[in-house]
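Chains A and B are the protein sequences, given in the same order.
Mapping the first sequence onto the numbering used here, position 16 (from 1) lands on 16, and the numbers just tick up by one.
In short: position in the second sequence from 1, add 1000, done, that's the numbering used here.
Hints listed in this document are in silico derivations from the structure and should not be mistaken for laboratory results.
There could be a bad hint or two in this list.
Dumping the calculated DSS-like pairs for lysine-lysine here, alpha-carbon to alpha-carbon at most 25 angstroms [said to hold, decoys possible]:
hint, chain 1, residue 1, chain 2, residue 2
1, B, 1053, A, 81
2, A, 80, B, 1053
3, A, 103, B, 1053
4, A, 81, A, 172
5, A, 172, A, 64
6, A, 11, B, 1024
7, A, 64, A, 80
8, A, 11, A, 81
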Amino acid sequence: MSDRIYVGTRKGLFTFQRNQAGWSQTGADFLGIPVPMLLPDHRDGSLLIAAEHEQFGTKIHRLKSNSSIWEELNSPAYPKKPENAPVIRDPWRQVEVPWSLKKVWSLEPGGNPGEIWCGTIPGGLFHSTDQGETWNLVESLWNHPDREKWCGGGYDFPGIHSICVHPHDPKKIAVAISCGGVWRTEDSGATWSQSAHGMTFNFIPLDQGGGAPDGQDPHRMVQCPAAPDRFWVQHHCSIYRSDNGAKSWIEVKDVLPSGFGFAVAVHPSDPDVAWFVPAKKDEHRYPVDGKFVVTRTRDGGKSFEALSQGLPAAPAYDLVYRHALTVDESGTTLVMGSTTGSLWVSDDQGDSWAHLSAHLPPIYCIKFG
Amino acid sequence: MPSVAFSPNIRSHVEIESYQVYGKTVQEVLEAVFEQHPRLRSYLFDDDGSIRKHIAIILNSEPIADRTRLSDHVGETDEIFVMQALSGG
Chain A
1 MSDRIYVGTR
11 KGLFTFQRNQ
21 AGWSQTGADF
31 LGIPVPMLLP
41 DHRDGSLLIA
51 AEHEQFGTKI
61 HRLKSNSSIW
71 EELNSPAYPK
81 KPENAPVIRD
91 PWRQVEVPWS
101 LKKVWSLEPG
111 GNPGEIWCGT
121 IPGGLFHSTD
131 QGETWNLVES
141 LWNHPDREKW
151 CGGGYDFPGI
161 HSICVHPHDP
171 KKIAVAISCG
181 GVWRTEDSGA
191 TWSQSAHGMT
201 FNFIPLDQGG
211 GAPDGQDPHR
221 MVQCPAAPDR
231 FWVQHHCSIY
241 RSDNGAKSWI
251 EVKDVLPSGF
261 GFAVAVHPSD
271 PDVAWFVPAK
281 KDEHRYPVDG
291 KFVVTRTRDG
301 GKSFEALSQG
311 LPAAPAYDLV
321 YRHALTVDES
331 GTTLVMGSTT
341 GSLWVSDDQG
351 DSWAHLSAHL
361 PPIYCIKFG
Chain B
1001 MPSVAFSPNI
1011 RSHVEIESYQ
1021 VYGKTVQEVL
1031 EAVFEQHPRL
1041 RSYLFDDDGS
1051 IRKHIAIILN
1061 SEPIADRTRL
1071 SDHVGETDEI
1081 FVMQALSGG
């Protein structure tokens, strides 16, 4: 059972810890500065965060284990654009996609000591082998000719928000991109292939490209650590499941109250158990009928329960972003935060929730420490 | 030598003082400062090398003319002040 929670928000990083009296806020860092992503690195006890200064860009900071001093590290930086590089424009807006860091949108540990992967907007994947002190753009993916098919979704440009490293074979990595589908490598990123096969946009006719894997919008992708062939995706239009290592996808249809949402978490040892936070599609993005619930499947998506004990009664308009729901290594404790600044914890797999705060800034990301 | 100073907000992130450094253009002056404070570069410039949109460079009380190449001429007694627009929500 986890006893520390890190919360990245629109206005800083907040830390909550549990003792015998319960949960309480024990830290507030980078106050006033957006923290869109963070990584508690369980390999060495360090905490890595991205601070997104509006004026000065994104900076990476690290707090080492048992230290109270934050270090500033190098931020991922795109290399100088070669003169002969093709101009890539967002397919929808025909605006040139910049060679410049706009947002750190995912941070995940790799399989080797000190190895960290970082996904960004406008679509670059970065790799560090020295605990985030230096970064290199994964040019094999950035220079893939099919990148011209990626487009922005909620943000102006495409971005990598989910990175899944195979727990037993770290050369196998899958990344999910809004809106660029799912890309897989089996050679540590030397080569990549599109694998959003089976995903569809239900508002685009199939003969108009609604089922084309390029440009699909998986909002969030997670992999079951104990059964790494099982992935779950909360897509813009539906929930998807993969049983073959993210090579293809099966739509989980007719999920109530909605198949739309952003967040998904999977049980670490039972691949059939997953949690979602539904919302009214597409541009509305609030709980259906103002009834805020978490949905849970225990049978691989055959059925879902709507869980609401401890969550606010209707009407409630909390929205949970893609990185703001997670489950701990026990599979028992979940934490969830909303764009209206509420934070909840469940110690019974979502059956009931305890409200830790109603007054945080809009919550972007949450991870257990 | 020309002098260069930085706004308090910039100095809150990078420990930096006012300097007198050699340089005949704004670019040369800033590069001389970056040699002593390499971390400052990413606060003033994007990773594509362009000056961040919220950063203003003032030369003798006037905004510089060339924000692309920072080629404005700097004289021996000129004063540069680097500041940022502040916004939020």
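If you check each hint against the structure, which ones fail? Numbers 4, 5, 6, 7, 8, in rising order.
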